[in-house]
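Work the whole structure out from these sequences, hints included.
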Amino acid sequence: MARVFLLCVLALEILGLVFFRGGHKDALSFAFPEFFSAHRVFSAYLLAVNAVTFAAFGIDKWKAVRNRKRIRIVTLLALAFLGGAAGGLAAMYLFRHKVRKSYFAVGLPMILMVQVLAVFCVMNI
Numbered sequence: 480m481a482r483v484f485l486l487c488v489l490a491l492e493i494l495g496l497v498f499f500r501g502g503h504k505d506a507l508s509f510a511f512p513e514f515f516s517a518h519r520v521f522s523a524y525l526l527a528v529n530a531v532t533f534a535a536f537g538i539d540k541w542k543a544v545r546n547r548k549r550i551r552i553v554t555l556l557a558l559a560f561l562g563g564a565a566g567g568l569a570a571m572y573l574f575r576h577k578v579r580k581s582y583f584a585v586g587l588p589m590i591l592m593v594q595v596l597a598v599f600c601v602m603n604i
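Just so we're aligned: the sequence shown equals residues 480 to 604 in our numbering.
These are calculated hints, taken from the structure and not from any lab test. Treat the hints with care, as some may be off.
Pairs of lysine-lysine residues, derived as DSS-like cross-links and limited to a Cα-Cα distance of at most 27 Å, are as follows [claimed, not checked]: (1) K540 - K580; (2) K580 - K542; (3) K580 - K548.
Beta-carbon label-pair distances, calculated as ranges [what the hints assert, rightly or not]: (4) K580 - S522: 37 to 45 Å; (5) E513 - K542: 37 to 45 Å; (6) P588 - P512: 35 to 43 Å; (7) A510 - K542: 38 to 46 Å; (8) R547 - A584: 19 to 27 Å; (9) A543 - A597: 30 to 38 Å; (10) L526 - P588: 32 to 40 Å.
Cβ atoms here follow ideal geometry from the backbone N, Cα and C, with glycine treated the same way.
The following block contains the structure:
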């Protein structure tokens, strides 16, 4: 949990440093739909990584029920950190998997928050 927290804090520090040091537009934009429609490759990447993360959580749950070899925690967290936090959160609650583990129950929402803030900063640079 501490590593996830530290990575999120580091990302927030970097975003804050870049954004608040004058590296943004005069008027802030919250036009997320327009941003994603203008950047189709980025949108396709996010859709794909969220689908893969969702599937990975589902496969891990399936393997857990059958006492088979599981997907490593670091793999699930890495998929979330690479942009699949929304898919991971959806899978967590849909499959009721990893909801009691603090590094997922707290870590994935933190990662998602950092990702939303990163997109917001990129939109306004």
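Hints, verified against the model:
Between K540 and K580, the direct Cα distance comes to roughly 14 Å. Compliance with the 27 Å bound is thereby established for this hinted pair. At most 27 Å may separate the alpha-carbon atoms for a hinted pair to count; K580 and K542 meet this at roughly 17 Å. Between the alpha carbons of K580 and K548 the distance comes to roughly 19 Å, so the proposed pair stays at or under 27 Å and holds. Between K580 and S522, the C-beta spacing of about 30 Å breaks the proposed range 37 to 45 Å.
In this structure the supplied range 37 to 45 Å holds for E513 paired with K542, their Cβ-Cβ distance being about 41 Å. Checked against the given bound of 35 to 43 Å, the beta carbons of P588 and P512, roughly 23 Å apart, lie outside it. A510 and K542 have their C-beta atoms about 41 Å apart, which keeps the hinted 38 to 46 Å range intact. Separated by about 24 Å at the C-beta atoms, R547 and A584 satisfy the suggested range of 19 to 27 Å.
For the pair A543 and A597, the supplied restraint of 30 to 38 Å holds, since their beta-carbon distance comes to about 31 Å. Restraint check, L526 to P588: a C-beta distance of roughly 20 Å breaks the suggested window 32 to 40 Å.
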